[in-house]
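Whole structure, please, built from the sequences with the hints as guidance.
Quick note, the sequences are listed as chains W and D, same order. Per our numbering, the very first residue in the first sequence carries number 1; after that it's consecutive. Per our numbering, the very first residue in the second sequence carries number 1; after that it's consecutive.
Any given hint might turn out to be false.
All copies of an identical chain are treated as equivalent in the list; a pair is satisfied when it fits inside any one copy or across any two copies.
Derived DSSO-like pairs: lysine-lysine, alpha-carbon spacing no greater than 27 Å straight-line [as the list claims (entries may be wrong)]: (1) 208 with 142; (2) 208 with 162; (3) 285 with 208; (4) 252 with 110; (5) 89 with 24; (6) 173 with 208; (7) 110 with 255; (8) 173 with 212; (9) 89 with 241; (10) 208 with 24; (11) 212 with 275; (12) 44 with 264; (13) 264 with 237; (14) 6 with 263; (15) 114 with 173; (16) 285 with 162; (17) 24 with 212; (18) 173 with 6; (19) 89 with 252; (20) 151 with 283; (21) 263 with 151; (22) 255 with 44; (23) 208 with 241.
What the hints contain is simulated information worked out from the structure, not anything from laboratory work.
Spelled out from the first residue to the last, the chains are:
There are 2 protein chains.
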Amino acid sequence: MRKLRKVSVIGLGLLGGSICLAIKRALAGVTTAGFSHRAGTRAKARRLNVADEVFDDIRAAVAQADLVILATPVCTFEGIFHEIAIALKSGCIVTDVGSTKLMPLRWAEKHLPKSVYYVGSHPIAGSEQRGVEFCRDDLFDKALCILTTTKTTHRQSVQTLKGFWRALGCFVKIMPPAEHDHILANVSHLPHITAAALVNASNTEELKFAGKGFMDSSRIASGPPNIWADVLLTNAKNISKGIDRLIKELAKLKKAIRSGDRKKIERLLESARTKRSELVNYKMKRKELM
Amino acid sequence: MRKLRKVSVIGLGLLGGSICLAIKRALAGVTTAGFSHRAGTRAKARRLNVADEVFDDIRAAVAQADLVILATPVCTFEGIFHEIAIALKSGCIVTDVGSTKLMPLRWAEKHLPKSVYYVGSHPIAGSEQRGVEFCRDDLFDKALCILTTTKTTHRQSVQTLKGFWRALGCFVKIMPPAEHDHILANVSHLPHITAAALVNASNTEELKFAGKGFMDSSRIASGPPNIWADVLLTNAKNISKGIDRLIKELAKLKKAIRSGDRKKIERLLESARTKRSELVNYKMKRKELM
Numbered sequence: 001m002r003k004l005r006k007v008s009v010i011g012l013g014l015l016g017g018s019i020c021l022a023i024k025r026a027l028a029g030v031t032t033a034g035f036s037h038r039a040g041t042r043a044k045a046r047r048l049n050v051a052d053e054v055f056d057d058i059r060a061a062v063a064q065a066d067l068v069i070l071a072t073p074v075c076t077f078e079g080i081f082h083e084i085a086i087a088l089k090s091g092c093i094v095t096d097v098g099s100t101k102l103m104p105l106r107w108a109e110k111h112l113p114k115s116v117y118y119v120g121s122h123p124i125a126g127s128e129q130r131g132v133e134f135c136r137d138d139l140f141d142k143a144l145c146i147l148t149t150t151k152t153t154h155r156q157s158v159q160t161l162k163g164f165w166r167a168l169g170c171f172v173k174i175m176p177p178a179e180h181d182h183i184l185a186n187v188s189h190l191p192h193i194t195a196a197a198l199v200n201a202s203n204t205e206e207l208k209f210a211g212k213g214f215m216d217s218s219r220i221a222s223g224p225p226n227i228w229a230d231v232l233l234t235n236a237k238n239i240s241k242g243i244d245r246l247i248k249e250l251a252k253l254k255k256a257i258r259s260g261d262r263k264k265i266e267r268l269l270e271s272a273r274t275k276r277s278e279l280v281n282y283k284m285k286r287k288e289l290m
Numbered sequence: 001m002r003k004l005r006k007v008s009v010i011g012l013g014l015l016g017g018s019i020c021l022a023i024k025r026a027l028a029g030v031t032t033a034g035f036s037h038r039a040g041t042r043a044k045a046r047r048l049n050v051a052d053e054v055f056d057d058i059r060a061a062v063a064q065a066d067l068v069i070l071a072t073p074v075c076t077f078e079g080i081f082h083e084i085a086i087a088l089k090s091g092c093i094v095t096d097v098g099s100t101k102l103m104p105l106r107w108a109e110k111h112l113p114k115s116v117y118y119v120g121s122h123p124i125a126g127s128e129q130r131g132v133e134f135c136r137d138d139l140f141d142k143a144l145c146i147l148t149t150t151k152t153t154h155r156q157s158v159q160t161l162k163g164f165w166r167a168l169g170c171f172v173k174i175m176p177p178a179e180h181d182h183i184l185a186n187v188s189h190l191p192h193i194t195a196a197a198l199v200n201a202s203n204t205e206e207l208k209f210a211g212k213g214f215m216d217s218s219r220i221a222s223g224p225p226n227i228w229a230d231v232l233l234t235n236a237k238n239i240s241k242g243i244d245r246l247i248k249e250l251a252k253l254k255k256a257i258r259s260g261d262r263k264k265i266e267r268l269l270e271s272a273r274t275k276r277s278e279l280v281n282y283k284m285k286r287k288e289l290m
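Shown next, in the form of structure tokens:
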């Protein structure tokens with residue numbers, strides 16, 4: 001595993017800011033450089049002392065970095081790869097924390113020079129909140145971080161990046177980007193769409209009677225629309241299949257309810273209950289962030 | 001408002017047990033009588049000192065009660081009304097805490113004697129946990145309780161029951177049972193079905209990658225299937241319409257995603273985000289249990 005001396009973080013939102021703070025906590029001696037294109041964010045990041053240096057020039061921010069981490073919305077990655085390519089130190093590791101991984105890989109292959117090493121990262125952490133003011137140095141504690149690699153990914157860089165995320169508190173799992181996008185479509189992107197659809201299907205006056213169940217099941221619908229639009233657009237096929245599967249399950253329940261088929265209703269609810277309780281047990285055992 | 005001296009609670013699960021404890025805390029001088037048909041539950045209720053008296057005979061449990069509260073699954077109400085009818089004191093108020101209100105009213109009209117007064121109640125409180133061991137004396141603090149009435153409901157009993165739930169910590173709202181069932185189908189029963197469908201649409205191995213978003217949005221799928229089957233079966237028409245509306249919203253999002261229509265995706269997500277944040281503000285202002 002290579003020693004990192006300087007890490008540059010592009011984008012100082014909840015994730016980017018929290019990466020900087022977690023480095024400060026866990027990796028003594030590593031310098032952090034942060035970039036944001038917003039003056040307001042840069043001012044807040046300086047006030048909160050998030051990074052050692054805060055830049056308004058993206059190429060200056062990545063100069064001499066051993067590791068560059070993109071923490072901006074997914075659809076900005078292509079432009080950023082293109083823009084920073086010329087400023088990257090030879091041997092630098094480039095990663096991103098986007099929620100989809102196949103498109104970022106394609107953009108990296110297209111725009112980054114052969115002298116740097118791209119590996120995808122997806123730390124499954126965060127919340128519906130956004131902005132540097134919510135960042136925390138423990139955001140990644142016990143979070144799962146998926147690294148995405150292909151046959152041609154530089155092995156040593158994968159090991160270095162694995163060590164980096166582990167130092168920040170993550171469990172690390174490695175898989176191909178296509179597998180990542182398929183899985184996340186089902187366990188993350190589909191729930192987001194479902195929450196949004198559930199809110200949109202309800203009427204404002206009726207929502208006043210919502211209890212804790214509705215509030216919890218719709219929480220993620222409060223996430224930032226522009227960031228989520230990027231995720232959905234870069235994983236359209238998998239998500240679209242997921243929606244079809246969900247609609248099929250809803251139709252099954254509807255049929256059982258309409259026909260008064262108690263046995264069928266109980267079987268469907270019991271199957272969900274059992275599956276979820278197994279999942280809760282699995283997460284508890286691993287002491288993963290719930 | 002009439003003075004209550006004895007309240008009988010039929011069913012000592014999370015709700016029934018919590019009602020007894022809340023009475024003990026808030027209504028000094030009121031005697032509580034609890035009934036459960038399970039020996040194990042009765043033993044636990046006695047050990048936890050949930051009610052002043054715990055009965056295995058339902059008619060003995062309701063004798064001399066000024067208020068009888070059914071806190072068993074909705075589909076047991078008809079049988080219970082029929083069974084207790086003969087044992088109720090004249091002038092007694094009978095209510096239930098079922099999540100649907102039209103069917104219970106019909107059963108009450110069919111089986112209860114003219115000498116007692118039926119009013120429906122629905123305290124929107126609880127959790128995915130079940131059993132007397134989870135009961136709490138503060139379960140109803142700042143919860144909304146909907147009372148359902150019709151033109152023929154005994155006004156004085158409504159006032160008494162309103163005072164009762166308020167004493168237990170609830171905000172009280174009064175509406176016709178059909179309106180209740182329509183609203184709750186959308187804000188409570190539909191989210192439950194959605195959570196179950198979401199879990200059923202996912203594969204066990206993939207679920208291991210679920211983050212906090214999935215866990216929150218699926219929490220209610222851990223609720224007890226038999227209790228929920230009763231709710232769904234007694235509100236089938238409204239729920240079925242809700243499922244149709246949800247499927248329509250999902251299809252809208254799918255179409256926008258498949259066609260790469262960023263503007264449309266952002267508009268749909270933004271509408272959900274805004275609606276939910278208005279809802280959060282409303283609940284915050286009222287200091288309602290979130």
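*Taking the numbered hints from earlier one at a time, note which ones the structure violates and give those numbers from smallest to largest.*
The structure conflicts with hints 4, 7, 9, 10, 12, 14, 19, 20, 21, 22, although it agrees with all the remaining ones.
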